[in-house]
Every structure is written in C-alpha cells, then in structure tokens.
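Student: Sequence:
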Amino acid sequence: MKRVLNSIERSWFFCLLWLLTKTGVVYSQQQESFKINWQTPQYQESELGEMMRLQAPQLSVNEEGKPVFFINLQQSKPIQKVQWLKTEVMLMPETWGPVIASIQSISDTFEIETVKFEDRRIISTGLLVCPIRKNVLGQIELLVSATVEVIVDEKSTESESMSAEKSASHSVLSSGSWFKFGVTADGVYRLTYENLQSNGILSSSVSSASIKLYGNGGGMLPEPNA
Numbered sequence: 000m001k002r003v004l005n006s007i008e009r010s011w012f013f014c015l016l017w018l019l020t021k022t023g024v025v026y027s028q029q030q031e032s033f034k035i036n037w038q039t040p041q042y043q044e045s046e047l048g049e050m051m052r053l054q055a056p057q058l059s060v061n062e063e064g065k066p067v068f069f070i071n072l073q074q075s076k077p078i079q080k081v082q083w084l085k086t087e088v089m090l091m092p093e094t095w096g097p098v099i100a101s102i103q104s105i106s107d108t109f110e111i112e113t114v115k116f117e118d119r120r121i122i123s124t125g126l127l128v129c130p131i132r133k134n135v136l137g138q139i140e141l142l143v144s145a146t147v148e149v150i151v152d153e154k155s156t157e158s159e160s161m162s163a164e165k166s167a168s169h170s171v172l173s174s175g176s177w178f179k180f181g182v183t184a185d186g187v188y189r190l191t192y193e194n195l196q197s198n199g200i201l202s203s204s205v206s207s208a209s210i211k212l213y214g215n216g217g218g219m220l221p222e223p224n225a
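Per numbering that gives the first Met the number 0, the very first residue in the sequence shown carries number 0; after that it's consecutive.
Every clue listed holds true.
When the alpha-carbon atoms are kept at most 27 Å apart in a straight line, the in silico DSSO-like pairs for lysine-lysine are as follows:
| no. | residue 1 | residue 2 |
| --- | --- | --- |
| 1 | K115 | K154 |
| 2 | K80 | K154 |
| 3 | K80 | K133 |
Quick caveat, the hints were computed from the structure, so don't treat them as lab data.
Use the sequences and the hints to build the structure in full.
Tutor: So this is what it looks like as structure tokens:
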C-alpha cells in the first residue's frame, strides 16, 4: 500500500509541475548599468525663444521640456517591472540654474518609463530616464550613474518583428521632413542647431524637441528607409 501511495503522489507532483510549466508565466531578470556624462548647458532656440538646456550624450528633450536619457535594452519581450538598484547623484551647479526655466515641472524622483521603437524592422524596448529631480531641501540633483533591474516576460507571444508593409507606416521616418548627412571619415561629429539653419533646413523657429537624429548602428543608412 505504501508503494502505491508514493506512486500516486509522484504522479500528482509531475502533473502539477507540468501544468505550471505549460501555463505559468516565466520571467527573467537583467541588469543595466549606465553613466551620464554631463556637459556644460547650452542656449538653444525654442518656441519660447532662447533657453538654456542640459547637455549630455544620449540626452534629448520630451514634450514637457524635461531632459530624458535613452537606454536601449536590446529586448523585444514586454517589460513587467523596472526598479532602481543603485544610483549616484550630484547637485546641479548653481550656474546651471537657468535650465529650470525650460522644464515645466521637476519630480522628487528620477522618473523612468519603457518605450517601444523599431530598429531594422524589429520591435525593441528601451528606457527613458528623466535624470533630474528635486530633493527634500529643494535642491536640484542630477543622476550621474545608476543600475536598474528589468523584469522581462519571457512567455509573451507579442510580435517581435514587423512585415515590410507595416514597417513603413510605423517607421519614425514616415512623417515630417528628413535629411541625410554623410561623413567621409571615422570620428565623432557634432550637428548643431546653427548647422541646420545655415544649410537652409530650418527656415523658421523650430523647437529642438521636434528634431531627431537617427543612424543605422554604425552602418550605412539604406535608401528605402521610409
């Protein structure tokens, strides 16, 4: 009788394990560390005139005037949760104070959100981090470096790619005016607001938040990219 009961228990155990494996949600974790190399703020043209804005590589401005730092997770699965593991901050220099005028509101936390984008017809997920906050003393702090933990839903059946037909309508180049710039040698290049004006690309005052620069992962940008 004892052996029969053990066999039944083992059968139920394996059935339960199989059921959890077949229907359960499987998550994975990954950690992303990044560093923001802050540079001296620059005055830029905007809809409200010249305004001082924070400067750093991979830093742009959203619709609310907030600086946002982009992190490519190189992950196509949906993100379930993002949490801070470690942060290093610095007080914003007093001489940078005028940048506050270009930001509608400053939170008391470093805001972070997930975004989806298309890279070579593959849907990927990234993070947008607002690296500025106000501490309990009312001082402005800037995020210098951090590590975040990302929880990924590995069982999702969400589409990871797009067909050629859908790609064009969802492409970031499918609307607006766009221009190609070529380089003849390896190096680091800077494209300024003044460069765009002097080349006749900007004929009137345009918010810097509406100007985007795209590349192709270090390779040549294909002609049929829209």
